[in-house]
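Colleague: Sequential numbering of the sequence shown, starting at 235, is according to my numbering.
Any given hint might turn out to be false.
Computed beta-carbon distance windows for the label pairs [said to hold, decoys possible]:
no. : residue 1 : residue 2 : range
1   : R240      : E292      : 23 to 33 Å
2   : P280      : A254      : 14 to 24 Å
3   : G291      : A254      : 12 to 22 Å
4   : E281      : S241      : 16 to 26 Å
5   : G291      : R251      : 11 to 21 Å
6   : P280      : H243      : 13 to 23 Å
7   : G298      : D247      : 17 to 27 Å
8   : A284      : S241      : 13 to 23 Å
9   : R296      : S262      : 12 to 22 Å
10  : H244      : G276      : 24 to 34 Å
11  : S262      : S241      : 15 to 25 Å
12  : R240      : A284      : 11 to 21 Å
13  : R296      : H244      : 27 to 37 Å
14  : R288      : R266      : 11 to 21 Å
Hints were generated in silico from the structure; no laboratory data involved. Computed from a prediction, not measured in an experiment: that's the story for all the values here. Yeah, the Cβ is synthetic: ideal placement off N, Cα and C, and Gly gets one too.
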Amino acid sequence: MSSDTRSLHHMLDALERMLANGAAGDPSFATRVMAEAGRIVGTAPPEQVARINREVGELLERHGIMPENPGAAG
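Full structure from sequences and hints, please.
Modeller: Printed below as a string of structure tokens:
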């Protein structure tokens, strides 16, 4: 796993903990997560791209958070 992918997973873990602790959804944080995913997707091997997009999308959807700019990761 690349350091970029680890960085994204740390962000996703932080978002998951924030939401699990009852914090309200933060669209700007979701947007930063999507932007980071987009940056990583630009350099990730093709087999990781679909997984990254799926993980980010599932996490945000699970918690009812929609990024301010849904195209940021694509």
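Colleague: Would you mind marking each hint as holding or not holding in the structure?
Modeller: Structure-based check of each hint:
In this structure the supplied range 23 to 33 Å is violated for R240 paired with E292, their Cβ-Cβ distance being about 19 Å. Between P280 and A254 the C-beta distance comes to about 32 Å, which lies outside the given range of 14 to 24 Å. In this structure the hint that G291 and A254 lie 12 to 22 Å apart at CB holds, the actual value being about 18 Å. For E281 and S241, the Cβ-Cβ distance of about 19 Å falls inside the hinted range of 16 to 26 Å, so the restraint holds.
The supplied range of 11 to 21 Å is met by G291 and R251, whose beta-carbon atoms lie about 19 Å from each other. Between P280 and H243 the CB atoms are about 19 Å apart, so this pair conforms to the stated range of 13 to 23 Å. The given range of 17 to 27 Å is respected by G298 and D247, whose C-beta atoms sit roughly 18 Å from each other. In this structure, A284 and S241 meet the distance hint of 13 to 23 Å, their C-beta atoms being roughly 19 Å apart.
A C-beta distance of roughly 19 Å is found between R296 and S262, which places it inside the suggested range of 12 to 22 Å. Range check, H244 to G276: Cβ separation about 19 Å, and the 24 to 34 Å hint is violated. Evaluation of the 15 to 25 Å hint for S262 and S241 yields a pass: the beta carbon distance comes to about 18 Å. Look at R240 against A284: about 18 Å separates their beta carbons, and that is inside 11 to 21 Å.
In this structure, R296 and H244 break the distance hint of 27 to 37 Å, their C-beta atoms being roughly 18 Å apart. Evaluation of the 11 to 21 Å hint for R288 and R266 yields a pass: the beta carbon distance comes to about 19 Å.
Comparing the model with each earlier hint shows violations of hints 1, 2, 10 and 13; every other hint is respected.
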